[in-house]
Amino acid sequence: MSMTLFLILCLNGLQYGMLLFLIAAGLTLVFGVMGFINLAHGVQYMVGAYLAFFFLQLTGSFALTVLLSLGSALLIGLLLEFFVFRHLYHRSHLDQVLATFGIIIFLNELAKVLFGPTTLSIAPPELLSGSIQLTETLRYPVYRFVTIFAGLAVAVALFLTVSYTRTGMLIRAGATTPEMVSALGVNIQKLFMIVFGVGAMLAGFAGVIAAPIFAIEPGMGDNLLIVAFVVIIIGGVGSIGGAFMAALLVGLIDTLGRSLATIVLSAVFNPSFANQIGPALASMLIYILMAGILVFRPQGLLPAKGGA
Amino acid sequence: MMDRSLIVAGCIFGLLLALPILLPVFGAGYLTGLIIKAMLLAIAAISLDLLIGHGGMVSLGHAAFVGVGAYAAAIGLESGIENILVLLLITLAVTGLVALVTGTLALRTSGVYFLMITLAFGQMIYFTLTSLAAYGGDDGLTLWSLATLFGSDVVQNGGGLYYVVLGTLLATWWGIYRLSRARFGRVLRAARDNSERAEVMGFPVRRYRLVAYVIAALIAGVSGLLLVQHAEFVSPALAAWQRSGDLIVVVVLGGLASRNGAILGAFFIVIVEEVLGSFIHEWRLIYGPLLVLLVLFAKGGLSDLFAAKPVRRAAQ
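As given, the protein sequences belong to chains U and F, one line each in that order. Residue numbers for the first sequence follow the numbering used here, so the first one is 510 and each next one is one higher. Residue numbers for the second sequence follow the numbering used here, so the first one is 372 and each next one is one higher.
In short, the hints are calculated from the structure, not lab data. What you are looking at is a predicted structure, and each value in this text was computed from that prediction instead of being measured. Honestly, I wouldn't trust all of these hints.
Label-pair restraints from in silico Cβ distances [unchecked claim]:
(1) F:Asp564 - U:Thr628: 45 to 53 Å
(2) F:Glu567 - U:Thr628: 44 to 52 Å
(3) U:Ala666 - F:Arg375: 54 to 62 Å
(4) F:Ile378 - U:Met678: 55 to 63 Å
(5) U:Met678 - F:Asn565: 33 to 41 Å
(6) F:Val472 - U:Ile657: 36 to 44 Å
(7) F:Ser649 - U:Leu810: 46 to 54 Å
(8) U:Val695 - F:Arg479: 34 to 42 Å
(9) F:Leu476 - U:Asn779: 42 to 50 Å
(10) U:Leu647 - F:Asn565: 58 to 66 Å
(11) F:Ile378 - U:Leu810: 49 to 57 Å
To give a feel for the contact side, a few chain U residues facing chain F, derived at Cβ under 8 Å [stated by the list, open to error]:
(12) His596
(13) His602
(14) Leu607
(15) Ile614
(16) Ile772
(17) Tyr796
(18) Ala800
(19) Leu803
(20) Pro807
Think of the CB as a built atom: it goes at the ideal place given N, C-alpha and C, for glycine as much as any other residue.
For reference, chain U alone in the conformation it holds in the complex (with noise of 0.2 Å):
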């Protein structure tokens, strides 16, 4: 175990922290301004990343393949809104569960026809193909760097906006009585969603960032979506500040896990039972976390404010 593997671990766990919270970022704000479980966002992140496969082919050009796949992703999160989502917010999380379980059916399915049930892969952008020397031995991907401060400035983002501005008040005052904010002239419908939108929007752009890292292929969200869930339910449901926190937390423990445990372990048993029980204890660590912030800490660690 050496300082270089001990910080490339950090780095890659940082990385996917920052990837699971630009997908818990839009389902928190969902669940917590709408009380809506949205199983298909998961799914959004699927169809980021073969959006920007799409686009890539089509223009050939990185930059304009982000501007399109996000507006494209955009849009499909106001088309699934306005058709399915919007008759479901008052109606029970069983209804809302089964609808959104239909939709990562019918979504999945679709990649798979569209472009086949083998993995795809996207080159980085050049300019940000090469590597970073960190220390004598280390050299880390420009691309995955880049990531992590893209996810950086969206949370700072984020923050801002739902700290200091007036839409940011209203969907914090709508999370807390939205039927107030709706007799107080607010559009709530319209609220619901920008917000839903720019939901959608983060899930899909974090599959357009994962593209050249991640294989793509139909069924990528659905693992992930479980973990964002974790992610929400660690941070505190309706909690950006939350999310952001516990996404960190969950990608550094599930990172550093999967290759300390079987060492740590086997310090303690012997190797055969350390092997053995390592990896299963590994991918166990984040939802024994979560289940136990669940028994001792329900609201999360950083609740939101007024509480949704």
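Use these hints to put chain F onto chain U, whose structure you have.
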């Protein structure tokens, strides 16, 4: 209203009992397999309906117990235990223990948090199963020897597995029917509609819910054991969260708190999958939007077509 549900159930079970006699006309093997699959799905769905329909506890990790039951049986088989009654005891013990531990923790929450924590426990169980390298890991495990009943193959595909599964379905139906009409079921529903009120009336709500949770898990575990006997194969995919989603679909499709509905829902899903699947390979393109439309426009589920009772309030 109850009489009506008994009549419908009588028709369903009579038909299922007679099918093996009628089936050879259409070519038995394939259809029998399909019906066994639907009946196993129905058993798990009825058990989940105890939680969702009667208890108002929406669990998104119920398939994990099917997986636990299947793996308990498979591991028992691999270590040389062949008597199905012994395997049944092992399955019940393991599933019950897992349910007791996860249920105790999960029931400290309610509503949407309960959904999340059951999802988390389901994922933990799923990852545990994938890490069982000695039993196939990710790929699952094909079982070369199956359980017997004191040496007889009555509990295998070649023997009378169809009737064993049908008997289990009937026992599950009857058990949940009695349970839901007893004081236990009334308390569960009272707590679903207003848990504070039930608490104030002196019922330990959490304990009632825990018992329901464990009972549901035990039944799901048994369906896992029978699934092993039928598929002769286990894999962690049994416990994946999408499978739990499928179970919820069956329950809601059939109508909440309706055992006949769960059976009809299970058959509907299996048939839709087969029929749509035989026309177009991409049947999910139709199935997905079908679910959305179902939620938006047909709230009561299939059982409403047969029942005169008003639609029950959906679980929160």
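Evaluation of the provided hints:
1. F:Asp564 - U:Thr628: 45 to 53 Å: 48 Å, holds
2. F:Glu567 - U:Thr628: 44 to 52 Å: 51 Å, holds
3. U:Ala666 - F:Arg375: 54 to 62 Å: 59 Å, holds
4. F:Ile378 - U:Met678: 55 to 63 Å: This hint holds: roughly 59 Å between Cβ atoms.
5. U:Met678 - F:Asn565: 33 to 41 Å: 35 Å, holds
6. F:Val472 - U:Ile657: 36 to 44 Å: Roughly 38 Å apart at Cβ, these two residues keep to the hinted range, so it holds.
7. F:Ser649 - U:Leu810: 46 to 54 Å: Holds, at about 51 Å.
8. U:Val695 - F:Arg479: 34 to 42 Å: Since the Cβ atoms of Val695 of chain U and Arg479 of chain F sit about 36 Å apart, the hinted range of 34 to 42 Å holds.
9. F:Leu476 - U:Asn779: 42 to 50 Å: At roughly 30 Å between Cβ atoms, Asn779 of chain U and Leu476 of chain F fall outside 42 to 50 Å, so the hint is violated.
10. U:Leu647 - F:Asn565: 58 to 66 Å: 60 Å, holds
11. F:Ile378 - U:Leu810: 49 to 57 Å: For Leu810 of chain U against Ile378 of chain F, whose Cβ atoms are near 54 Å apart, the range 49 to 57 Å holds.
12. His596: For His596 of chain U, the interface hint holds, since the closest Cβ of chain F sits about 6 Å away, which is under 8 Å.
13. His602: Holds. Min distance 5 Å.
14. Leu607: 5 Å, holds
15. Ile614: 4 Å, holds
16. Ile772: 16 Å, violated
17. Tyr796: Result: holds, 4 Å to nearest chain F Cβ.
18. Ala800: With a closest approach of 6 Å, the Ala800 of chain U hint holds.
19. Leu803: 5 Å, holds
20. Pro807: With a minimum Cβ separation of about 6 Å from chain F (threshold 8 Å), the hint on Pro807 of chain U holds.
Against the hints set out earlier in the document, violations occur for numbers 9, 16.
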